[in-house]
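Spelled out from the first residue to the last, the chains are:
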Amino acid sequence: MVPNKGFFSALQQIRQLPLDVRTVTLGINIADCADRNFHKLCDGIYQRIIAKAGRMNAVCGEVASLMGVPVLQRRLCVTPIDRVAQGLSANDFVNVAKTLDGAAANVHADRIGGYATDVQHGMSQSAKQLILSLPAALTQTERVRAAVHVGSSENGVNMEAIALVAAMLKEAAEATAHRQGDAAAKLAVLANDSTGHPHLTGTALGDGWGDLVVHVGIGAAAIIRHALEQQSLENPRARLDELASVIQTAVFQATRAAELVGREIAERLGAEFGSIDVTLAPTQRPGDSVVDLLPAMGIERIGAPGTATALAMIQSAVRAGAAFASCATGGYSRIMLSVLEDASLAAATQSGTLTFDQLCMAANSGANGLDLVCIPGDTDVATLSAIIADQVSFAVLNHRPAVVRLVVVPGKQAGDLVSYGGMKGSALILPIRGAGLSEKFIQRGGRLPPIR
Amino acid sequence: MPKLYIMTVLAANRTGILAALANALDELGGNLRDVSQAVVHQFFAMIMAAEFPDDQSPEVIADHIGAVCRAFGANVTVVDPTLALGMEGNTEPTHKERYVLTLAGRDRPGILRFLAHRLALDGIDLVDLQGRLQDSTQTFLSAMELAVPRGVDALQLCDELRHEFQSDGITVSLQHRRVIAALAHPEPVGFNTAIP
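Residue numbers (our numbering), protein chains in the order written: chain S, 1 to 452; chain Y, 1 to 196.
These aren't lab readings, by the way, just hints derived from the structure by calculation. The hints are all genuine.
Pairwise CB distance ranges, derived in the manner of DEER restraints:
no., chain 1, residue 1, chain 2, residue 2, range
1, Y, 139, S, 235, 18 to 26 Å
2, Y, 117, S, 239, 47 to 55 Å
3, Y, 163, S, 415, 41 to 49 Å
4, S, 415, Y, 117, 56 to 64 Å
Please read all numbers here as calculations on a predicted model, not as lab measurements. Ideal placement from N, C-alpha and C gives every residue a C-beta, glycine not left out.
Chain S with its partners taken away, still in its complex shape:
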């Protein structure tokens, strides 16, 4: 980015920027839809979503056309269902999930979050029923994404909840064995999400966001890669701090464009503007992955020594650029290594350069937990619990949010290739070293105390 080379040069820099908004998430407060009458509850939720989000798709299209900045995904999130619907059975919760799914389909949203519960201290009867409903709810719906918040730095980790969620995760995968366990990919286990991080998968509308709020998320990998490649043409031997500046500038520009689009959408929908997420999550376009940034920095492939340092530098520069661009960026910016949605990451697993252990390491150097990692179908529940617990504990220890989405693929072994349609691509089933050796630890149950 060289801003001072005259009008044409400056325009040339700006005009080539691959600007887009990866997600627009409309948060809707449905807390007052709570009703002891189950049918009134579902009807109230459905009508509220239609009333508030009915124009979202059209408005996103209008603003994208006006600004010339594409909006790639439209999402909804609502108040956590376990707060709105108390005293329901697991079967009733499944019908609530179907209500959410139908409403999201009606307004042409790609996903809806909020089928969620917070069990970091312990499980209420309603929370337990919601968790027990997850296999059926995720199997019988398309757009619903579920989340269970199991721990935080302030409150510790609920290991019993993790064990129950892991059992439901495996059950959901087996219920969709004919679709290679894709229901499991819709369930996120969260840590340090007490305020309702608006950009994590499946997350709900958190406290303090008001009745109607628009959040936007940016896929900044493309714009950063573009900037790094430009920099490489001008100075192939640029120092790392110079590269950090280049990344900051690119993120600044992406954030500014996204805020402009987000505020315009919010104004047209009569909503508050919430926050901007500059998470380095992948999109479907080639080269839109954090993996593609590494060669531009001098690391030939992800997983090679130096990967963690490079990711940490990117993470730091992204947050600095986003913070300078807007006061609405919050502290959400993270790297998402969503293997199944990221063609470059998936290719790295297939070529053997990226292992399960390296993904776990990356989670400690800027990445946001383990996301959409395919593991063998015969992985036992205790091992699943232990993997989730490890990631949650890392997050709790480091005071950062985390998401764990494990795709257990029934009938598949380590080394098998699995392919999905839609947003998800193909990936290799990754072997887990030491599987089956943690059962006695998990069986102890209880809670991990808060981190002091």
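Let chain S serve as the given structure and place chain Y on it in line with the hints.
Then chain Y, alone, in the frame of chain S:
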């Protein structure tokens, strides 16, 4: 009551042309209301709207400016907008959004012709145009500001132009002025983005 004229001045681009022009305007009691100036291939070109005392005739204005700027070979035209032909159908102002369209790539005949016809189809005004051809590589970069009627889909228009020029290796970008402003200026975005 001052009277408004539209004037163009084409002259050799040498130091002092603007000073000479300003002197002439001052001596005529003129006052600039709107002006746009460019230098192309050593030629200075300016189009302006200026007010003059109502006793100044357009012939006197043109003659005086021509005389003062004679050393620069100035060619001056003065038009009374109220008498100008072709202005009767002007239905401005309708609200239009401002965009910056840029094209870059290998030069070939007919690019501007296609572009102008395509933009006219959607009622799009081309309000500013700058372009430059690099002789050594025969590549060009052109930037133009467009006034686009509401309802025109900028993404679709951009896709259409990209498709048209793709086979020639010409890249196209269309960005709203507010996006350009958001990237170029550090003030808060979205709170007060009204750009004239």
